[in-house]
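Novice: Working from the sequences, and respecting the hints, build out all of it.
Top line first, the protein sequences correspond to chains A and B. Throughout the first sequence, residue numbering follows the working numbering, covering 1364 to 1503 in sequence. Throughout the second sequence, residue numbering follows the working numbering, covering 144 to 189 in sequence.
Worth flagging that the hints you see were computed from the coordinates, not collected in a lab. Please note: incorrect hints may appear among the correct ones.
What the hints assert, rightly or not - With a cut-off of at most 25 Å between alpha-carbon atoms, the simulated DSS-like pairs for lysine-lysine come out as follows: (1) A:1490 <-> B:149; (2) B:178 <-> A:1381; (3) B:151 <-> A:1381; (4) A:1488 <-> B:149.
As the list claims (entries may be wrong) - Calculated from the model, a selection of chain A residues having no Cβ within reach of chain B, i.e. all distances over 10 Å: (5) 1370; (6) 1373; (7) 1401; (8) 1429; (9) 1430; (10) 1431; (11) 1432; (12) 1435; (13) 1439; (14) 1442; (15) 1485; (16) 1487; (17) 1491; (18) 1498; (19) 1501; (20) 1502.
All C-beta atoms in this analysis are idealised placements derived from N, C-alpha and C, irrespective of residue type, glycine included.
Here are the chains, one letter per residue:
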Amino acid sequence: MLDQLAQNTEWFTEHGVKVAAVTMGKPYEAKMFCAQRNPDIVCLSNPDQSAYKTYHIGRMGVKELLDPALALAGARIALAGKYKAGLRPDMDMQQLGATFIIDTRGVLRFVHYNRSQYDHPEVAKLKAVVEGLVRVTSEA
Amino acid sequence: MPKHTKLKTGEAAPDLHVVNAEGQTINLSSIWADKPVVLTFLRHFG
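Specialist: See the structure below:
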């Protein structure tokens, strides 16, 4: 998901919206991870996963975890050398992701809980929500 | 997969302490205080 957002960060910035990412890494790992993709992304560190729990982000079951496609995806990541940290033995492989759009009043304008490691919202959907927010703000 | 009470559109986004990339503890709400935010939770360590 971050790669798709990183490719579109300029669009979001032009529309007055920040892009922020919560990772399970330590601060320096989060910093490196986001800097490699787009330095304009606000990167956050949450190794104890308290934010994931507070946002009620689910976890994969054992059945999904043993999916051969997940092992293949992990191998592809390792071969590409994209993020070695992704293969750390203490990584929580069962943790799923999620994406939210939050306005300046702290109201959730978009919610997407990933149903699997392959699931994420389409950037076009995120852009449509942002365009709606911008329209409301400019009319106010 | 265990059942969770998912957050819904229109609800208040929970606020809590998180650590930024500089290692400083901040309120998550400070991220959206001045501009809306696309906030994504990643599966990676980073």
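Novice: All hints are to be evaluated individually against the structure, with a verdict given for each.
Specialist: Structure-based check of all given hints:
{"no.": "1", "hint": "A:1490 <-> B:149", "in the structure": "holds (22 Å)"}
{"no.": "2", "hint": "B:178 <-> A:1381", "in the structure": "holds (7 Å)"}
{"no.": "3", "hint": "B:151 <-> A:1381", "in the structure": "holds (21 Å)"}
{"no.": "4", "hint": "A:1488 <-> B:149", "in the structure": "holds (19 Å)"}
{"no.": "5", "hint": "1370", "in the structure": "holds (13 Å)"}
{"no.": "6", "hint": "1373", "in the structure": "holds (13 Å)"}
{"no.": "7", "hint": "1401", "in the structure": "holds (12 Å)"}
{"no.": "8", "hint": "1429", "in the structure": "holds (14 Å)"}
{"no.": "9", "hint": "1430", "in the structure": "holds (13 Å)"}
{"no.": "10", "hint": "1431", "in the structure": "holds (18 Å)"}
{"no.": "11", "hint": "1432", "in the structure": "holds (14 Å)"}
{"no.": "12", "hint": "1435", "in the structure": "holds (16 Å)"}
{"no.": "13", "hint": "1439", "in the structure": "holds (14 Å)"}
{"no.": "14", "hint": "1442", "in the structure": "holds (16 Å)"}
{"no.": "15", "hint": "1485", "in the structure": "holds (13 Å)"}
{"no.": "16", "hint": "1487", "in the structure": "holds (13 Å)"}
{"no.": "17", "hint": "1491", "in the structure": "holds (12 Å)"}
{"no.": "18", "hint": "1498", "in the structure": "holds (13 Å)"}
{"no.": "19", "hint": "1501", "in the structure": "holds (13 Å)"}
{"no.": "20", "hint": "1502", "in the structure": "holds (15 Å)"}
Going through the hint list in order, the structure satisfies each hint without exception.
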